[in-house]
Each structure stands twice: as C-alpha cells, then as structure tokens.
Amino acid sequence: MNRSISQKFQPSEDILLISGSIVDVMINFRNITKQATPVLFRANISEYAKLSGKVSGFSNLQSNWDSYDAEVISSLAIKTAKKTLAHLNINGLLTSQIEINVFPMRDGGIQFEFDGENICAELEINPHGDSIFILFDDDGNMIDKWQLFELSELSIILEDAQYA
Amino acid sequence: MLNYSITEADFLYRRFSIKDEPNYAVFWKLVNGSKVPSSAAFKTKQNENGLSVNIAALTTPEATVKNSKEFGVAEISASTPIKLGYLCKHNPQPENDAHAIIVGDTKPIAKKLSKAITQVFRF
Numbered sequence: 001m002n003r004s005i006s007q008k009f010q011p012s013e014d015i016l017l018i019s020g021s022i023v024d025v026m027i028n029f030r031n032i033t034k035q036a037t038p039v040l041f042r043a044n045i046s047e048y049a050k051l052s053g054k055v056s057g058f059s060n061l062q063s064n065w066d067s068y069d070a071e072v073i074s075s076l077a078i079k080t081a082k083k084t085l086a087h088l089n090i091n092g093l094l095t096s097q098i099e100i101n102v103f104p105m106r107d108g109g110i111q112f113e114f115d116g117e118n119i120c121a122e123l124e125i126n127p128h129g130d131s132i133f134i135l136f137d138d139d140g141n142m143i144d145k146w147q148l149f150e151l152s153e154l155s156i157i158l159e160d161a162q163y164a
Numbered sequence: 001m002l003n004y005s006i007t008e009a010d011f012l013y014r015r016f017s018i019k020d021e022p023n024y025a026v027f028w029k030l031v032n033g034s035k036v037p038s039s040a041a042f043k044t045k046q047n048e049n050g051l052s053v054n055i056a057a058l059t060t061p062e063a064t065v066k067n068s069k070e071f072g073v074a075e076i077s078a079s080t081p082i083k084l085g086y087l088c089k090h091n092p093q094p095e096n097d098a099h100a101i102i103v104g105d106t107k108p109i110a111k112k113l114s115k116a117i118t119q120v121f122r123f
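Taken in order, these protein sequences are the chains called A and B.
Per this note's numbering, the very first residue in the first sequence carries number 1; after that it's consecutive.
Per this note's numbering, the very first residue in the second sequence carries number 1; after that it's consecutive.
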C-alpha cells in the first residue's frame, strides 16, 4: 500500500469506533485547547439518514397533497426540521428508547412525534420555522405547550424522559 | 337534502394520505411494531372553520377514499369530539351529501382523535 495514503487514512484519535449503524465518535480536543476534555457522543447514521430523507421528500408535496387543501411544506419548516434532526442525532437521541417520527402538516409545517415509556409529545414546526413543544398524557390529553427558543431545550426534555 | 343530526352514536370518516417515497406524506408511525395514525391528519389549518369528515351513515369508505392509491380512510366515533365539547355538523356539498365538519380548531384534540380511531380502511 502506498505509504502516504495509508498514513493519510490511518484512524486517528479523533474518530475511533464504527459499529453497525451506530458510530461512536471520540473527539479529542487536545489540538484545539489543552483545557478541553474528550467528548463522546453517539450518532445513529441510518436513522438520521432515514428521517432526513423523509423531511427532504416533503419539499416534493404539491398543494392539496392531503385532498383537504393542505399547503406546500415551507422551506423554513424544512430547514428547521433538518437542524432539529441534526441536533437530536448529535445528542444521541436518535439511538434512544424514544421513537421519533416526522410528518408533514396541513398548514405547511412539519411535526415531530416522540413516543416512549415516559413521554408522549409533539414538536410542531410552523411554516415560519417556529417550534412549539406539546406534552400529552397517555390518553392524548394535552398537559402543557410552550415555544422552544433553543434546541438544547428539546434535548434536555427528551434526556429527562429517557432517564426518568 | 335534509340536515342530518350527528349524535354520539354516529361514526365519521376522514381520508388520510398513504403516499410514500418520494414525498413521504404518510400519516402512519410504527410504535412497538404497531401502525399508529399521526395526529397531523386531524389538525385544522389556521382560519379553517373545522375539520372535514364524512358521516358514515350516509356514505361508504369506498366513496370517501376517492383515490385508493394515495389515500386510506380512518373511522372515528363522533362521540370523541362531541364529548370534548365540539359540535359535529352536517355540511352537505354539491358532490358529497355525506360531508360534515367537526366545528372549530381541532389542533387541541387532534391527538385524542388519532387515538380514537376505531377502524382503518385500505383498498
């Protein structure tokens, strides 16, 4: 093997393990700052690709796609949904026990649904890209509803539910 | 046609999209291996005066579906919206005598409606 190529593609300290569809990535920040400690996160590439592909597919929907006069899915909603998915993936939440699904909304937005032993919730991304989080009880009664301003709020809620 | 009075004993039909790739307008999710309908199919848009449905007593799932390649039909009991304080009103249209409306903004009860589905028709 060409020595320079082999050296170039030698696994470094930055990317350590690849196992099935789950990739454990160890980023060692020593080269960036001496104070930083290694960070471990788990990303689920196949689930992310599936959901991301689904969100991209929403852009193909024509108006009246539900036969009840549904709107075209807005590009802002798609952009926000993709950011949300990336955030969930980076935080290891696509590998969790919480089922995550995405659906187009009739008003041109996108809806995430979260179903787990300790959580039943939705995230509505409206056509303007604003995110509303809605929490339900097991019977589908709304318990609480609020606007999310930071994606970290979402991951905190889901992590709490996961380890409750 | 005379107005039909919808009671808690009635059933209502709602079409839902089953289009898969490349658009993924599928209103289903898999939870623990079971297909569960999404509440997204039961949410009104802003400025809509209600959710369109058909009255089961006045039509059939086959007549409701229109295009069976792209849609299925979900059946819910009218008792669910009525018990939640929503009026279900017969609203016949020129080409659809069975048309009715669950009056008002159904977003707050969409999850309840999706969980109240009694039957699903796929053709």
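Keep in mind that the hints are not guaranteed to be accurate.
Straight-line alpha carbon distances no greater than 30 Å define the calculated BS3-like cross-link-like pairs of lysine-lysine that follow [what the hints assert, rightly or not]: (1) A:K82 / B:K83; (2) A:K83 / B:K29; (3) A:K82 / B:K19; (4) B:K29 / B:K45; (5) A:K50 / B:K115; (6) B:K83 / A:K83; (7) A:K145 / B:K66; (8) A:K50 / B:K69; (9) B:K69 / A:K145; (10) A:K79 / B:K83; (11) B:K29 / A:K79.
It is worth saying that the hints were derived from the structure and are not from the lab.
Owing to the predicted nature of the structure, the values given are computational and were not obtained by experimental measurement.
Each hint, compared with the structure:
{"no.": "1", "hint": "A:K82 / B:K83", "in the structure": "violated (38 Å)"}
{"no.": "2", "hint": "A:K83 / B:K29", "in the structure": "holds (21 Å)"}
{"no.": "3", "hint": "A:K82 / B:K19", "in the structure": "holds (21 Å)"}
{"no.": "4", "hint": "B:K29 / B:K45", "in the structure": "holds (21 Å)"}
{"no.": "5", "hint": "A:K50 / B:K115", "in the structure": "holds (25 Å)"}
{"no.": "6", "hint": "B:K83 / A:K83", "in the structure": "violated (39 Å)"}
{"no.": "7", "hint": "A:K145 / B:K66", "in the structure": "violated (36 Å)"}
{"no.": "8", "hint": "A:K50 / B:K69", "in the structure": "holds (23 Å)"}
{"no.": "9", "hint": "B:K69 / A:K145", "in the structure": "violated (36 Å)"}
{"no.": "10", "hint": "A:K79 / B:K83", "in the structure": "violated (38 Å)"}
{"no.": "11", "hint": "B:K29 / A:K79", "in the structure": "holds (22 Å)"}
Violated hints, listed in ascending order, are 1, 6, 7, 9, 10; each of the other numbered hints is respected by the structure.
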